[in-house]
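First to last, the sequence lines map onto chains A and B.
First residue of the first sequence: 1, per this note's numbering; consecutive thereafter.
First residue of the second sequence: 1, per this note's numbering; consecutive thereafter.
If you are wondering where the hints come from, they were derived from the structure by calculation, not from laboratory data.
Incorrect hints may have been included.
What the hints assert, rightly or not - Not close to chain B: a few residues of chain A, all C-beta gaps over 10 Å, as computed: (1) 30; (2) 34; (3) 102; (4) 116; (5) 137; (6) 220; (7) 228; (8) 254; (9) 287.
To be verified - List of simulated lysine-lysine pairs, BS3-like, C-alpha gap at most 30 Å: (10) B/181 <-> A/449; (11) B/152 <-> B/70; (12) A/449 <-> B/152; (13) B/158 <-> B/181; (14) B/395 <-> A/449; (15) A/40 <-> A/449; (16) A/325 <-> A/298; (17) A/258 <-> A/325; (18) A/40 <-> A/325.
On a predicted model such as this, the values are computed, not experimentally measured, just so you know.
Think of the CB as a built atom: it goes at the ideal place given N, C-alpha and C, for glycine as much as any other residue.
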Amino acid sequence: MPESGQPISFDVTVIGAGVVGCAIARKYTLLGARVLLLEKAPDALDGASKANSAILHTGFDAPVGSIELSCIQEGYRQYEQIHAKLNLPLDRCGAMVLAWTAEQESRLPDLMEQARTNSVGDVALLSREQVLAREPELASTVRAGFIVPREALIDPWSAPHSYLSQALVNGATFRRNTEVLSGSFDGNAWMLETTTGPVHSTRVINAAGLYGDIVDQRLIGRSDFDIRPRKGQFVVFDKTAARLARHILLPVPTETTKGIVVCRTVWGNLLVGPTAEEQQDRINANLDSETLEMLREKATEILPALANEDVTTTYAGLRPACGDKEYHIRRHPENMITVGAIRSTGLSAALGIAEYIARLDETPWPPLPEPEWPAMPMLAEDQTRDWQTAGNGGILCHCERVTRREVEAAMSGPNAAQSLAGLKRRTRVTMGRCQGFYCSGALQEMTAKCLKPESTE
Amino acid sequence: MTSLPDICDVLIVGSGPAGLAAAARLGEAGLDVHLLERETVAGGIPRHCGHSPYGWREFRRVMGGQTYAKRLIARATSFGAHIHTAVSVTDLGRGGRVTVSSNCGLQTVQARAVLLATGARETPRAPRFIGGTKPGGVMNTGALQSLVYLNKERPFRKPVVLGSELVSVSAVLTCRHARAKPLAMIEANERPTTRRAATWLPRALGTPLLLSTQIEAIHGRTWVEGVTLTSGERRWNVECDGVVVTGAFRPENALLRTTELEVDPRTQGPVVDQYGRCSDPAYFAAGNLLRPVETAPWCWNEGRMVASAIISALAGGLPDPSLSEPVLAGYPGVAWHLPQRISPNSSAPALENVQIGLARSMAATVRYGQASANLRSKPARRILLPLPDGGVDLKFEETL
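The shape of chain B in the complex, shown without the other chains (with noise of 0.2 Å):
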């Protein structure tokens, strides 16, 4: 590992698919960019993922999250990019002055761009009011796989999995990798979050999936020795010896959140416009940390757009961020979108479409300025429009 310079044209904060995918196009360019992983080890979620599938899109092979994060890593340092490992961002100051700590203390690094790929974390159980005792053996989907796929333990034989998000079956894949059986698949709502074909595996592998049904508490002193489930009326218990709780996945914007960069409350992410350019413009975001959640070629994707954005804004390529103009979509049932706002442009944006993320189903027929478009969805869905040139109000007139 190299030292950290004093000053460098762009510094990437996350070493997941978007931060590699933009420390390689970023190097390809010919800039000075160094990135900043705060683990021992790059490489982000995909790293503790020792499952498939991952790199289809991006090296038309199919391979597992580790595998996937070192060709990740192995292009973006062919382009010249630095790798830094074990150093924490602990401020986003004004125009792109970060202070970083590490085993040296803290440092300054001022760059010409920032570029925030800090990604997303599942929501642990503490928020989610589950009662009960707080034994050891409660965990994320994250935790797990780093404990399973990096440790190499085994950390329970028979848990549950609460939730029903693609995030939900990795985890139970993670568990039959670690030769642990989940006993089910707990889900409050009627359907599951990801799509029902997903969901076939682990019922394949013996997992039921329970609908409409609640973890009310967990029981046991220092390891968990089970939960009580409920459905409607009905109250039982289930011996366990582990509760995966997964999914909900949320920015990781801590870091965010003490700075002035300005937050949407909707995605939690940073503001953004068409560049992926956040409030101060040296600051720019791509990835998990600008909503709740895509997939890690989606990110990369994201990642190389908004390089290449810094890449213009770096020669002065970008329209004045301060004619920007919002994008609104206040409608009930959209919980978010972005871009947040757009600016007069000309160049070719980063993020090419008007992302949207849904409460509830919906169909509705969304129009804006001479523009419309059909949507048909459920919550936790990819659902596009097509970018406005200015500032929109989305409006949605439900179809049903």
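Chain A with its partners taken away, still in its complex shape (with noise of 0.2 Å):
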């Protein structure tokens, strides 16, 4: 990286390296421009990105007439065109809403028809016993249920790395470790100031995620909104698990959330989560014990077998909410535009968001004719794996079953990982149930050379 003289000039410039931050780098080289893509961690996905409940949504519960609905919807379009392409997981496994109370069970025809507003028009009413036909393990407690069926099942990171991933091979550029300090706009063009040097770009976005306000603070000295991180905790039951639920099971919402999911996860697990729980911190989400209980509990009222289960893992992210219960996406005079508070359906809507972004900006390059579609590794637990292929160095990580080649491959190209976390993003090693009692050992020594230690020495 050029730390003084002459910078590498960009035709646009994305701040933040999250799902959202991905698909629209993805976007704009596809479009034909060059851009540069900042990220002030080792690593893309380290924020918001990094945890979430890994549905793709069909939007039928997302505010009627939103943005945030039409980027979901649009992002549901788009991923279902690429995935095949990308080779990312899609499991159309449904939803399905349930009523535990009478006074739940009263608002399912609003629910549904809600989702009909919102073109979801594929929702059905289900009796307690078409509910218990379709998911026999749950409690017989439930009382009725509707079904989603276009709901489905992604993966949270092999999603977003194949957008970046895209954009790199086809000419973007990716600096990490790079958080933007300051800007100055001269009318046609973006001088930033970042911790690994001066960028020059013609246009800049901002979808820095959780300081995305503090991002607009910095290059044009307002924001519209203020990011309260919005915290939720999860618990992963092992993949024995798995087999105890078909769909993706909602409860009927709240005022204020969505409520617990219990849900597979396309690598085999049972995820039950998140909680809503508003913070200042923006780095740090903290597990507690007392909540994490009352997530096993709150799934063992649902699912009643999962008391036999082990938990393989926990874990916690925050959403990058705001004040209100809207996206903000705003163009700028300042040749800007700011990707905000994009709180609980990243991962849905990013692909959407890029097009909407697009739309609003005017793309003056000619598109790229013939762009790469680079094949990413494949982890879903129900398609063909590496380590049931030839050459694949042995299997490292036991639980997982993640293969040496793999290990090699995420730790090499222009999306290389850096860093543990990044290492597992991209492989899930050390992921699985013994949390790396078995391979920690032998993947320090495989990474040592190639990941940045994670010590504070």
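Two chains, two frames, a set of hints: combine them into the complex.
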């Protein structure tokens, strides 16, 4: 990176390599722009995008008429179009919204009406018997529900990594460990001051997630939203628990939260969460044992057989929410677009958001005639995995069956992992039931030369 | 390494003390034995453990874990057992049809008998629901030992050790080997899990044992910076740069749970009869897969004994497994027992006793059939009762 002298000039600089920033970087690259993606952390997906519930939403419960809804639906449509080309999983397992009380049951028709208004017309009411026929492991106290057939499971990391990878193989630049400190707009272009040197760029897109309002302040001295991080804690059950639920099991939402979801993951685990806890801290998402215990109890009320299943892991993430319930996507006169407060639907909406802002913007470049489509490593449990094929180097992480070849691949190329966290997100290494009991030593040996040691020393 | 055969007499899964002991005995009996180890080097947990004492029962000599593992491997190999490393078993099919993954992709081996000896592992941090952040520097003893003894790393300088089992003492010794000084051993219960005498060594080395204390939260963004401890009403922070989460061993049963083999929810290992025979009679089990958790020499002996049973089975010398009867021990406070079944027998059993694990301290008279026995013990202690002749329901009468 040039620390001094004339900085390289870019058409578009995207600030923040979360799922939204990666999708935007991809979009502008495919549109023919010279794109720079800046990330404060050592790796992509290190903020809000590192933890979510890994669902591709239809938007059936999104606010009627909102930008969020249109972005979710466009995002869904585009994901369906491109997932096979990028080798991304898509498990169209469907969701069921379940009523456990008479009051909840009485609200089902309104929720279905909202779904139909949102053009999700294939929802269908289910009686208690119909619910139990589809989900025999559910507690028999369930009263009724409705099905949303197109709600789907995806890999929350391979999807954004594929957007980033496609941007990179088609010419975009990714600069990590780079925080934007300030910037000035001279009427034509931006000069950004960053922790790794100056950046010259015609336009700037702020996709800084949990720091969206701060980056707005640093660049244009104003922001029309305040990020209020909302924490979500999750409990992940072992792979043997995945057979207990076929659909994504949703509660009837309350005024304040969508409630606690129970669903499988594409990796074959069972997930329970999230909570919704407002906090000031934009960095740390602390777990607390009482809440985790509550999640386990809640999950066991829904699926009683979970009482005999083991917990594989727990995690917490932060949603970049703000005071209201709408995305804050703004085009500023200073050749800058802010994509703010993409609260909890970023994974579903990212491709739609990228489409939306590209339409807000003028894109004078000739689009790439024949872009490359990099194939992502397939980590979904129901697909052919690397451990089943020859030349894999042997399995390194036994719980998740991650091979040495997969780990080596994740540490090479333009989007190589440079931190253990980044390697985990690309390969799932150490993320299984033993949490590194068996493979930590062998992994450390393999990664010592490639990863930045995560030590304060 | 020789390539895997399509068929063989006995396939052993796991190369810890139980698997290696069995391999030696089966090889000595002239059987075609293949032992599969998923790591790149055989030896199991002892291989990761640099410190003493290992080997007294097996070799009449005290040695470190690595030397011990090498001796066991040498002995198995000398008897003609084939050891295959970096081979992971991915499916246990009916009748001994085993699928493995390796650098060659997937392969299937049909064995006349399969011995499962996959051992046990510690419970990691996550299922214990410890709060706080998830920084680096939090690990089990198993991971710590492979970092320290195999990779010669020094992962931290002043960690805390959670647990007071024998393995927790081992964690303290491993830390000392890496020139790290554990600040404390932390135990939620009022008394240490291991015998109090075993906690003398850590205390003599300057690591206090904090009883009735819990880790409420771990702090630090990329690496551990401290922990919050609680004890009753008291709550305080301790600066540290590592957390070793020790013990709470559990059978490594992941493979088992995806098969048709019957699993005992209490031991979390397979249901076996007194020959170590599973619900599919082509499968046997020995060592710490059977229960949480025994010592290396115990597992070594169990491996030898079950190997002898396999030799009998292949010669048609074991009783019909379909005639086996259950052994029950449903008393509150009894955490687990094995064997879970008894086959009406003639030949010598591989598991010579009923093994029992307690969930709490107990003094009781145990009656079954015509027999009775007294026990007075604590959790995490070895409790052995005479093996009954057939199916029984163990009746406990507490004698406090």
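Quick rundown of the hints versus the structure:
{"no.": "1", "hint": "30", "in the structure": "holds (34 Å)"}
{"no.": "2", "hint": "34", "in the structure": "holds (33 Å)"}
{"no.": "3", "hint": "102", "in the structure": "holds (33 Å)"}
{"no.": "4", "hint": "116", "in the structure": "holds (41 Å)"}
{"no.": "5", "hint": "137", "in the structure": "holds (16 Å)"}
{"no.": "6", "hint": "220", "in the structure": "holds (29 Å)"}
{"no.": "7", "hint": "228", "in the structure": "holds (20 Å)"}
{"no.": "8", "hint": "254", "in the structure": "holds (25 Å)"}
{"no.": "9", "hint": "287", "in the structure": "violated (5 Å)"}
{"no.": "10", "hint": "B/181 <-> A/449", "in the structure": "holds (27 Å)"}
{"no.": "11", "hint": "B/152 <-> B/70", "in the structure": "holds (19 Å)"}
{"no.": "12", "hint": "A/449 <-> B/152", "in the structure": "holds (15 Å)"}
{"no.": "13", "hint": "B/158 <-> B/181", "in the structure": "holds (5 Å)"}
{"no.": "14", "hint": "B/395 <-> A/449", "in the structure": "violated (59 Å)"}
{"no.": "15", "hint": "A/40 <-> A/449", "in the structure": "holds (22 Å)"}
{"no.": "16", "hint": "A/325 <-> A/298", "in the structure": "holds (26 Å)"}
{"no.": "17", "hint": "A/258 <-> A/325", "in the structure": "holds (12 Å)"}
{"no.": "18", "hint": "A/40 <-> A/325", "in the structure": "holds (27 Å)"}
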